[in-house]
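Keeping the supplied structure of chain A fixed, place chains B, C and D upon it in accordance with the hints.
Protein chains in written order, with the working numbering: chain A, 6 to 353; chain B, 6 to 353; chain C, 6 to 353; chain D, 6 to 353.
Calculated directly from the structure, the hints in this document are not laboratory data. Note that the Cβ used here is the ideal one computed from N, Cα and C, for glycine as well. Mixed in with the good hints there might be a few duds.
If you want the ones that stay clear, here's a sample from chain A, every Cβ over 10 Å from chain D, calculated [claimed, not checked]:
(1) M6
(2) P30
(3) D64
(4) E115
(5) A228
(6) R258
(7) P259
(8) G260
The calculated DSSO-like cross-link candidates involving lysine-lysine, where the alpha carbons are at most 30 Å apart (straight line), are [said to hold, decoys possible]:
(9) C/K145 <-> C/K8
(10) B/K8 <-> B/K41
(11) C/K194 <-> D/K41
(12) C/K41 <-> D/K41
Number of protein chains: 4
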Amino acid sequence: MIKVGIVGGTGYTGVELLRLLSQHPEVELAAITSRKEAGMPVADMYPSLRGRVALSFCDPADAALSSCDVVFFATPHGVAMAQARELLAAGVRVIDLAADFRLKDTAEFERWYAMPHSCPDLLAEAVYGLPEVNRDAIRKARLIGLPGCYPTSVQLGLLPLLEPVAGDLIDVDTLIADCKSGVSGAGRKAEVHTLLAEASDNFKAYGVSGHRHLPEIVQGLGAIAGRPVRLAFTPHLVPMIRGIHSTLYARIRPGAGDTDFQALYERRYADEPFVDVMPAGSTPETRSVRASNMVRIAVHRPQGGDLLVILVVEDNLVKGASGQGVQVMNLMLGLPETLGLTQLPVLP
Amino acid sequence: MIKVGIVGGTGYTGVELLRLLSQHPEVELAAITSRKEAGMPVADMYPSLRGRVALSFCDPADAALSSCDVVFFATPHGVAMAQARELLAAGVRVIDLAADFRLKDTAEFERWYAMPHSCPDLLAEAVYGLPEVNRDAIRKARLIGLPGCYPTSVQLGLLPLLEPVAGDLIDVDTLIADCKSGVSGAGRKAEVHTLLAEASDNFKAYGVSGHRHLPEIVQGLGAIAGRPVRLAFTPHLVPMIRGIHSTLYARIRPGAGDTDFQALYERRYADEPFVDVMPAGSTPETRSVRASNMVRIAVHRPQGGDLLVILVVEDNLVKGASGQGVQVMNLMLGLPETLGLTQLPVLP
Amino acid sequence: MIKVGIVGGTGYTGVELLRLLSQHPEVELAAITSRKEAGMPVADMYPSLRGRVALSFCDPADAALSSCDVVFFATPHGVAMAQARELLAAGVRVIDLAADFRLKDTAEFERWYAMPHSCPDLLAEAVYGLPEVNRDAIRKARLIGLPGCYPTSVQLGLLPLLEPVAGDLIDVDTLIADCKSGVSGAGRKAEVHTLLAEASDNFKAYGVSGHRHLPEIVQGLGAIAGRPVRLAFTPHLVPMIRGIHSTLYARIRPGAGDTDFQALYERRYADEPFVDVMPAGSTPETRSVRASNMVRIAVHRPQGGDLLVILVVEDNLVKGASGQGVQVMNLMLGLPETLGLTQLPVLP
Amino acid sequence: MIKVGIVGGTGYTGVELLRLLSQHPEVELAAITSRKEAGMPVADMYPSLRGRVALSFCDPADAALSSCDVVFFATPHGVAMAQARELLAAGVRVIDLAADFRLKDTAEFERWYAMPHSCPDLLAEAVYGLPEVNRDAIRKARLIGLPGCYPTSVQLGLLPLLEPVAGDLIDVDTLIADCKSGVSGAGRKAEVHTLLAEASDNFKAYGVSGHRHLPEIVQGLGAIAGRPVRLAFTPHLVPMIRGIHSTLYARIRPGAGDTDFQALYERRYADEPFVDVMPAGSTPETRSVRASNMVRIAVHRPQGGDLLVILVVEDNLVKGASGQGVQVMNLMLGLPETLGLTQLPVLP
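Bound-form chain A, shown alone (with noise of 0.2 Å):
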């Protein structure tokens, strides 16, 4: 059995990833952490789990965090880097949701993120954690800086697009991700824009004028594309608990008007164990990924112009975040890739 830490486990990321890993089959839950809850039995917290896990929340001196093989970090940005070093040092494997280890150029980190990086050498190292993209070096890294909701999402839909060996499909510069994501993506933090007499029956954008996932989503769209990408991100509030759906907009260039593009992204992902291109003509919904580790991406070319508009969706708590971290974490440990993560979306 796996010996498997969280530190920082009383968010929704924190909570899905109990409830995933409780139920892997060669998982064993060791230790997780809050400073603030240390005592209280999780399931107190998230009565769903009672009878199932028996841990309590640990004050993080008190963890035995050095003698698990992987530890996850559920925390806010900043924590990660300052404790990945002795992990890593012990041995143990490490995968951080938050954002410690996504940007590359720390200059941009601390532009994006207020705060000084503390170790750009473990950053160098840090492999991005996107499995459709990076399976190769996640196998073989010690530390993962797991991708965020969004950019999951807005990279899965146009990777298929972007990649060289596509060839010179679209206009790099002119791209649109127009975003919309349920509130569980908001945190389980205190605010009064995200109650519920606040956000339901209610829509609205936010973070219009620069937002933290778009460097994310720029580095790692460059990098499948091999050069520099542009692209416009607009992310919405959607009145539901999980759920991302992305709506991209690409301009198709000229030289490329006949390309089979619903052949090309099934092609792209005939053998990828969580990426489900539908039929042409569909139209994903949140709910059909409720819960589960897909992601579902449709292709459209409305009246045979030359724009694409390709939609996807994926729950932001799973693929979006912890179910993505236990599929990197099969990923470095040498295991089924699709270990634990079978489960079928909850619809309705």
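Just chains B, C and D, lined up with the frame of chain A:
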């Protein structure tokens, strides 16, 4: 024009007062206070008021409240009783939407609200602002303790059964009020349990062992009945914004089985502008009173047995709080009771 | 592997059976019928099953149901009783999720369901599929009438109080079940009153004068108590997808005031795999059992009075329907009772 | 008093007309028709109108529509064009909320609505009822084709950029309208995909390959710009009742980079009573216009690049339908444009 001040206008009952009062033909909004948001235009916090309410929040110290005709307190418990005496001395009428002037027994108040009552003499003078019960007293009052949202619906639902004039119809020792409230009833406070991601697609009871509205309901029903009553009160949280649905259970006394309860209710409320007794067999919906001051009631006697099931719907922010406040203000000032309160419910 | 057929798989209990059975380690899905959708791949209607359920709906006439080990009926009332005899004759075990085999009194059945009962002999043989009450009989049964969603929660909530072994604890003539259900309980039928624009941000009671689950509840409680009981049942519609919350009221009999009701419940359910008695003072949430077969119960005695308030939550599509069906199937086939039913609830 | 008739009043735009017109100081509701519900009091279907609207639905054949001053058609496409001629001949002004008089090109109409157009001459005469564009023509019109809900928000959002007077500011060939609508936009029809259990906690696009509002938007923008425009339109379904949020993307032309777009919008809409240009940096919420005739717009230029992102919110049933109908009626009759339309949005 009547000059009106609002103390503590940043919460939901505050903004609802603003919505109603700014459309009231006889009211001039003179001041709205918020220590924390002093200086901020009201319409910055509530864009729904843009172009229509020009006021800014002001510091309580700077508000010319003593020159108002009426001051509403839409504040936490304990604020109104600290400021009422001075305002009353200046000839201002005071309407408290919190609990300071609801419970006549200061010991009860102190037990349920965990603070001493600072002005028992004013409490003795204060009138409980439920027009359907206390209309005449309200007309002459200087100081009003406005009923809570649950208590309004429960009292209006049981009133016709309990008034001595109706005879000895029901067992007053086994009353049950199973009540369901939208989340706005919890106020505009940053709390985890009322986040959309926690409270939507979910249902639960709370305060089962004792809720602050219980002593208020029991006091009110006892006053109506002229004798003590016993009632069990179970509040529940509904994943919706506005609305209270009270399901009330009362046992018919052996001798009262022939009563025409439908007729009793219709007769009792025939002249009430804000209470609608629906036809026999109806099941009122909360949305049928959304954003309006109406209460709708249906009277059921399943299978002709000895149990009455009374269904009551109200908008907790209107008839359950701010709308009732305006209704009471109209009465205190000799205005037509329905002035500014005739807007139709918003459906769907 | 056990061969399982589903008759009428297009509704919510049908798709929930698919979700559970396709993940059940001992089950092979052999056929799913739908006269209307014959030929359509199941995953076209329910994209959540894409890549995991390869079946298409087939015409009932073409389904090799008689070669199945078990057939579930997820059909409207009246279908199962027309087809059960032939299947039973072929040695197939039959589990009906509708009402054909619930009410033992055919006159009652005909009164509430407005159709004659076509096979009273089978009705007499049929076992009421509530494992916590009838486990041994279920093990030996060929034909199961599965409990309704409300009746499951009400019976599990009152069971420990009513069993003769517990003594004469409560007044069995004044029971009240105030129940609240998510909208999936109304099924996947195109109807105006369950549209999102009608049912969301709204709350109402329905069926107050008489709901079909009332005679089933009364029959079940009477069987448990060994004597007639009287109960008032008020169902309500909650703006959420899944979940039932039953708030149950029972009067403690004069001599029973010293009973430790918390201990009574804990003892009674100590060995039940799907019933969780929560700690004293708890208020269970429907989401704590979302998408799982668990029921959670809390026992309250407000202010130490003579009224018990029992709170019960279940997922109406799982323990209230399809999950209970799988639990019953496991029992009938001698499999471990929890097989295929151990997935954790999805929260948030 | 103005006598008003409504044809087809059982849908959401019908009941919204009733809500607005019954509170309009100059209107007398003369008749409301519904073949199917003839004889039923309007308030039986819509309890929100109890005590306030005494009308019953009447059969179209019995309605004295020709003696009305104005008749609204809140009917399916195709009804208004069959009845308009007779009403116009009787001197009645006609406002159609459906699509019969929107598309000027009958071939376009027939292609998108799959029915022949029965009165091209009236179509030629009909005025497109968007006051911010056609105010003078509306004042003189006998027959109005009222804009669709999406087209209203998209046209108001792009109008200042496209009017020739503004200069050649944006690329008119690459416009994108990514729009999100509440479910009431689908009407009060019994359909599976808009059930609460299907559409809540869910998000999806629809009509991506072609939606009926696309030709209307393109026609309207082309008329505003005085030249053809090209636009991609992606509608999405939001799990809320009311509200449309349009996120509009427009590329700034090379020579127009110095334009002060915020000032352009503020200037253009300075005198419009129902269009509110919010301060720079704002992200308007749909609830900020809930149940009101207001539109709120925010203008963004992320990172000072060459892409404008315009955010527009409206209530699809008010400014997107019935409220705009009343606004147009006021103009046609020479009444103050805002009469009966000044109610504040309902928030929360």
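Hints versus structure:
no.: 1; hint: M6; in the structure: holds, 35 Å
no.: 2; hint: P30; in the structure: holds, 29 Å
no.: 3; hint: D64; in the structure: holds, 36 Å
no.: 4; hint: E115; in the structure: holds, 18 Å
no.: 5; hint: A228; in the structure: holds, 21 Å
no.: 6; hint: R258; in the structure: holds, 14 Å
no.: 7; hint: P259; in the structure: holds, 14 Å
no.: 8; hint: G260; in the structure: holds, 18 Å
no.: 9; hint: C/K145 <-> C/K8; in the structure: holds, 19 Å
no.: 10; hint: B/K8 <-> B/K41; in the structure: holds, 23 Å
no.: 11; hint: C/K194 <-> D/K41; in the structure: holds, 21 Å
no.: 12; hint: C/K41 <-> D/K41; in the structure: holds, 27 Å
Comparing the model with each earlier hint shows no violations; every hint is respected.
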